[in-house]
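Q: These protein sequence lines map, in sequence, to chains E and Z.
In terms of numbering that gives the first Met the number 0, the first sequence has 75 at position 76, counting the first letter as 1, and numbering is strictly consecutive.
In terms of numbering that gives the first Met the number 0, the second sequence has 110 at position 111, counting the first letter as 1, and numbering is strictly consecutive.
Everything labelled a hint here was simulated from the structure, so no lab data went into it.
Here the structure is a predicted model, which is why all the values come from computation and not from measurement.
Beta carbons: idealized from backbone N, C-alpha and C, even for Gly.
There are no misleading hints in this set.
The calculated lysine-lysine pairs, modelled on DSSO-like cross-linking and capped at a C-alpha distance of 30 angstroms, are:
| # | chain 1 | residue 1 | chain 2 | residue 2 |
| --- | --- | --- | --- | --- |
| 1 | E | K52 | Z | K29 |
| 2 | E | K52 | Z | K65 |
| 3 | Z | K33 | E | K52 |
| 4 | E | K34 | Z | K101 |
| 5 | Z | K39 | Z | K65 |
| 6 | E | K52 | Z | K84 |
| 7 | E | K68 | Z | K84 |
| 8 | Z | K84 | E | K135 |
| 9 | E | K34 | Z | K84 |
| 10 | E | K58 | Z | K29 |
| 11 | Z | K84 | E | K72 |
| 12 | E | K9 | Z | K29 |
Heads up, incomplete: computed chain E residues facing chain Z, CB under 8 angstroms, no partners named:
| # | residue |
| --- | --- |
| 13 | S13 |
| 14 | L15 |
| 15 | T16 |
| 16 | P33 |
| 17 | Y37 |
| 18 | L41 |
| 19 | E44 |
| 20 | E45 |
| 21 | V107 |
| 22 | G108 |
| 23 | H110 |
| 24 | S114 |
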Amino acid sequence: MSGSFSKNIKNDLSELTALVIDIHAFLDPLELPPKAVYALDLSLEEMLTNIVKYGYDDKNVHSVNVAIKFDGKTMVLSLTDDGHEFNPLNAIKPDTAKSVPERPIGGVGIHLTRSMVDDMRYRRENGRNILEIIIKI
Amino acid sequence: MVIKQEEKNGILALAIAGRLDAVSSVEADKEFNKVLDAGKDKLLINLGELEYISSAGLRVLLVVAKRMQQKGGKVCLCALAENVKEVFEISGFSSIFKIFEKEADGLSFINS
Numbered sequence: 000m001s002g003s004f005s006k007n008i009k010n011d012l013s014e015l016t017a018l019v020i021d022i023h024a025f026l027d028p029l030e031l032p033p034k035a036v037y038a039l040d041l042s043l044e045e046m047l048t049n050i051v052k053y054g055y056d057d058k059n060v061h062s063v064n065v066a067i068k069f070d071g072k073t074m075v076l077s078l079t080d081d082g083h084e085f086n087p088l089n090a091i092k093p094d095t096a097k098s099v100p101e102r103p104i105g106g107v108g109i110h111l112t113r114s115m116v117d118d119m120r121y122r123r124e125n126g127r128n129i130l131e132i133i134i135k136i
Numbered sequence: 000m001v002i003k004q005e006e007k008n009g010i011l012a013l014a015i016a017g018r019l020d021a022v023s024s025v026e027a028d029k030e031f032n033k034v035l036d037a038g039k040d041k042l043l044i045n046l047g048e049l050e051y052i053s054s055a056g057l058r059v060l061l062v063v064a065k066r067m068q069q070k071g072g073k074v075c076l077c078a079l080a081e082n083v084k085e086v087f088e089i090s091g092f093s094s095i096f097k098i099f100e101k102e103a104d105g106l107s108f109i110n111s
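Chain E with its partners taken away, still in its complex shape (with noise of 0.2 angstroms):
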């Protein structure tokens, strides 16, 4: 079975709720692994929640587009949006040996996505960033 899904999103945090259940709607009939749908689930919303967050340098409304092409044995999870320049790969893996004093809040986001998925690829084409998260089935 093979699928595709797209869908444009405003770059604001409350409007990851809406997005997936829409995804969840197109995921379902493919009866995919849970681990992989969990991947899928934790890499879009590390990677938005980064793009809504950090992207950005004015209080604008920007659209995000979401889209997922399946061929039945990939699954290609593609974020584009016209936020500044910034490629995740480039992040820095947080030290996950330190104890609950020394921890600094958050940082984690990137490194579970990097774990959970077979792999990323970015680039920048027309002022736009472009993540693709590779999952395979």
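Based on these hints, arrange chain Z on the given structure of chain E.
A: Showing chain Z alone in chain E's frame:
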């Protein structure tokens, strides 16, 4: 996301069900702060019905752990589902929390 509260042998047991994501964690954070502000220092968090947690959800639990440590209280987690457990392991959070498979073991740890 739904959080249920129950007192068990002087321990406050909180069961979180559903999704703890960037949106619902704001609500969860408020709920936990209410509990901690009320002076609760024995806390068991049951994640048996939790289907999904992201870094935003982990952050809420980290704040709980930090506040409990400051006040000399005790907190533990129990009954993590497979995918949720994996997120705890990859992020290193499994070494921050006392985690038990069975709630009964968590209760006896807190009262020990």
